[in-house]
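Visitor: Letter by letter, the chains look like this.
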Amino acid sequence: MSPLLAASGDGVNGLAVGIFALVVGMTLVITFWASKKTTSSAQFFTAGRSITGRQNGLAIAGDYMSAASFLGIAGLIFYFGFDGFLYSVGFLVAFLTVLFLLAERMRNSAKFTIADVLSHRLNERPARAAAASGTLTVAAFYLIAQMVGAGVLVQALMGISFQLSVVLTGVFMLAYVIFGGMLATTWVQIVKAVLLMTATTILAILVVIKVGGPIELFTKARDASPEGAAYLAPGLNYTNPIDTVSLGLGLVLGTAGLPHILMRFFTVPTAQAARTSVVWAIVIIGAFYLMTTALGFGARALLGGTSIAETIDPAGNLAAPRLAEFIGGGAGTFGGDLFLAIIAAVAFATILAVVAGLVISASGAMAHDVWNGIVKRGKATDAEEMWAGRVAALGVGIVAIVVAVIGGEGLNVSFMVGLAFAVAASANFPALLLALTWRRFNTTGALTGVTFGIVSAIALIVVSPGVWPGSGGSPIGWDLKNPGIVSIPLGFFGCWLGTVLSKDTSSQEAFDELRVRAETGLGAEEAVSH
Amino acid sequence: MAHPSATPPPPGGGPPPSGGPPASKDATWQQVSDTPEFQELVARKRAWIVPATAFFLFWYLLFILMAGYAEDFMGGEFLVDGITVGYAFALSQFVMTFVLALLYVRRSRDVFDPLRVRALQRAAEIANEPVPETALTDAAGVSGTAPGAPGTSGGPGTPGTDRDGGAR
Chain P
7 MSPLLAASGD GVNGLAVGIF ALVVGMTLVI TFWASKKTTS SAQFFTAGRS ITGRQNGLAI
67 AGDYMSAASF LGIAGLIFYF GFDGFLYSVG FLVAFLTVLF LLAERMRNSA KFTIADVLSH
127 RLNERPARAA AASGTLTVAA FYLIAQMVGA GVLVQALMGI SFQLSVVLTG VFMLAYVIFG
187 GMLATTWVQI VKAVLLMTAT TILAILVVIK VGGPIELFTK ARDASPEGAA YLAPGLNYTN
247 PIDTVSLGLG LVLGTAGLPH ILMRFFTVPT AQAARTSVVW AIVIIGAFYL MTTALGFGAR
307 ALLGGTSIAE TIDPAGNLAA PRLAEFIGGG AGTFGGDLFL AIIAAVAFAT ILAVVAGLVI
367 SASGAMAHDV WNGIVKRGKA TDAEEMWAGR VAALGVGIVA IVVAVIGGEG LNVSFMVGLA
427 FAVAASANFP ALLLALTWRR FNTTGALTGV TFGIVSAIAL IVVSPGVWPG SGGSPIGWDL
487 KNPGIVSIPL GFFGCWLGTV LSKDTSSQEA FDELRVRAET GLGAEEAVSH
Chain L
123 MAHPSATPPP PGGGPPPSGG PPASKDATWQ QVSDTPEFQE LVARKRAWIV PATAFFLFWY
183 LLFILMAGYA EDFMGGEFLV DGITVGYAFA LSQFVMTFVL ALLYVRRSRD VFDPLRVRAL
243 QRAAEIANEP VPETALTDAA GVSGTAPGAP GTSGGPGTPG TDRDGGAR
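Top line first, the protein sequences correspond to chains P and L. When you line the first sequence up against this note's numbering, it's residues 7 to 536, in that order. When you line the second sequence up against this note's numbering, it's residues 123 to 290, in that order.
A couple of the hints might just be wrong.
Here's a subset of chain P near chain L, in silico, CB distances under 8 Å, partners left out [what the hints assert, rightly or not]: (1) Phe101; (2) Leu105; (3) Ala236; (4) Gly241; (5) Thr250; (6) Gly292; (7) Leu296; (8) Asp518; (9) Thr526.
Short derived list, chain L residues pointing at chain P, Cβ under 7 Å [stated by the list, open to error]: (10) Ile171; (11) Gly204; (12) Arg238; (13) Leu242.
Hints were generated in silico from the structure; no laboratory data involved. Don't be surprised by glycine CBs; every beta carbon is placed ideally from N, CA and C.
Only chain P is shown next, with the shape it has when bound in the complex:
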């Protein structure tokens, strides 16, 4: 049980489990409904391309806002004030990169995966191998990070063991994806986005009322903080400006290389709907990050007076749940327990929606790129490809569950999330952008670029100080926690170097094909009519 939160009784938090069962029951009904419609590979991987722009905007928000955003950023703001907010800014601005450079072009030129875009103009099998490596690296690290985070959170919020929490999360995730495919994944993400936004809005409004107004939120949080005025200024968390710029670049360009986000653009019928969906996502995500400020400051202003070390865990993840408990009436009261239980259930729904999105994107890369594209050379039937997707999802999911259970709470979550964003920004993003915009780009360039991006991002994170805690720090004296400022230019450089060293010019003619497809939607995959 959680010593922090299970104040109302022994062991399992019964109210939290009840509300949680309600949410999960709803998602299982969705999955049952979706399973009847999932009869082809286009249904399985793209929900028949029948999701509307507005629905997809909600689903993108549900896919993107992880428990790390919800609980983690509220905690970072609670602890570090301004520097906690710095994260949110990058997460939001990143969607301009997605909107301007990729969303519509991805919808127009891909079938199921990122690799489809590259394979229009590059040699198909190496291009699929390169893109699938990027997708699987990002999805694997992000998925394991989310699973470990899920275990820790569910354990703390509901009072069940870490291992059981991970296995439960994994089983529901696999049920959505394997039986309900992208349709169930999408609606789980939509339900999660609605629940998360509703709970956050209500909590933020109650906090602002309790504190006395939006400006009072700032002044009271500052006055409650031991840092005083420095709480509202930069510098409490990020002390190396180069590292902060590196982080920012990784966020702003990495989001545009996250396979589970890009895959969402294949689920809408047109490029216009893809565009609309990004705008909806920006509105929802922007509003959400503004409200997390109210939660973090509210926790500081309202709980900060009490003994902080005993109230909030060191990671800060429990700042928002603790705040909810306080607003509801305090620990031990019915209102307090109810609010806490609702936040716990919403956090769990948040995790489920994100991991389901990650599993289906990894399943697409395994089934569509590696198995059908590379092994079967595109000769698999539609039904075979759909079943390959289900088997791949099962495999990816089981590996993630096993690694999370064996690695346990000791796995460094921020290391893996950092790695996922760094690889997305340094390998996936350069290859995609150059394939769509640079006539000279060729297969060798894609292979060297993706290799440079993945290897440099992993190497620089392995030697970073965050991985070597304790006295010595990094073994080679490398003191950047975020590799982006080096690995992103290296990814682009690798694309350029491979291209100019190769005499292959065959992909230049096909550049016109890809560009006509991407810009006009000519030859784009159509929505499945029923």
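On the provided structure of chain P, position chain L as indicated by the hints.
Guide: Frame of chain P; chain L shown alone:
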């Protein structure tokens, strides 16, 4: 100009019958790419997207650099007690993101989408076949018509509409 209308669809998972130019693949993609309509579409988009991207990256990186190197300035009071210059700057990033996204949607609706429709009409002329209806409509819902069925709904008259409600 060639009119390769009788050629079969390109091999290897190419466009569905109603979609792409049913051409001797690269030749026709090339022809579409060479039309002034398509060139104008690409040029106009680039002329908007490149400066807009440069601007938001500049404004965002300036924010981060100031947070790193001008801590005292960023911690100074902005208009009212409690709001710092840093927070005002951070909020300007939110405003910038909303405004640029809406400007892009309006620009797409008013300029890029009509150009795209003209480029598609030229592409259809080159391929000597009717303009694919599904490529012209902007309906966000599932099109209920058979692919390639001429002009039962939507059509060239409604290129700029966004029935999904996202663009206001």
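Visitor: Flag every earlier hint the structure violates by its number, smallest first.
Guide: none
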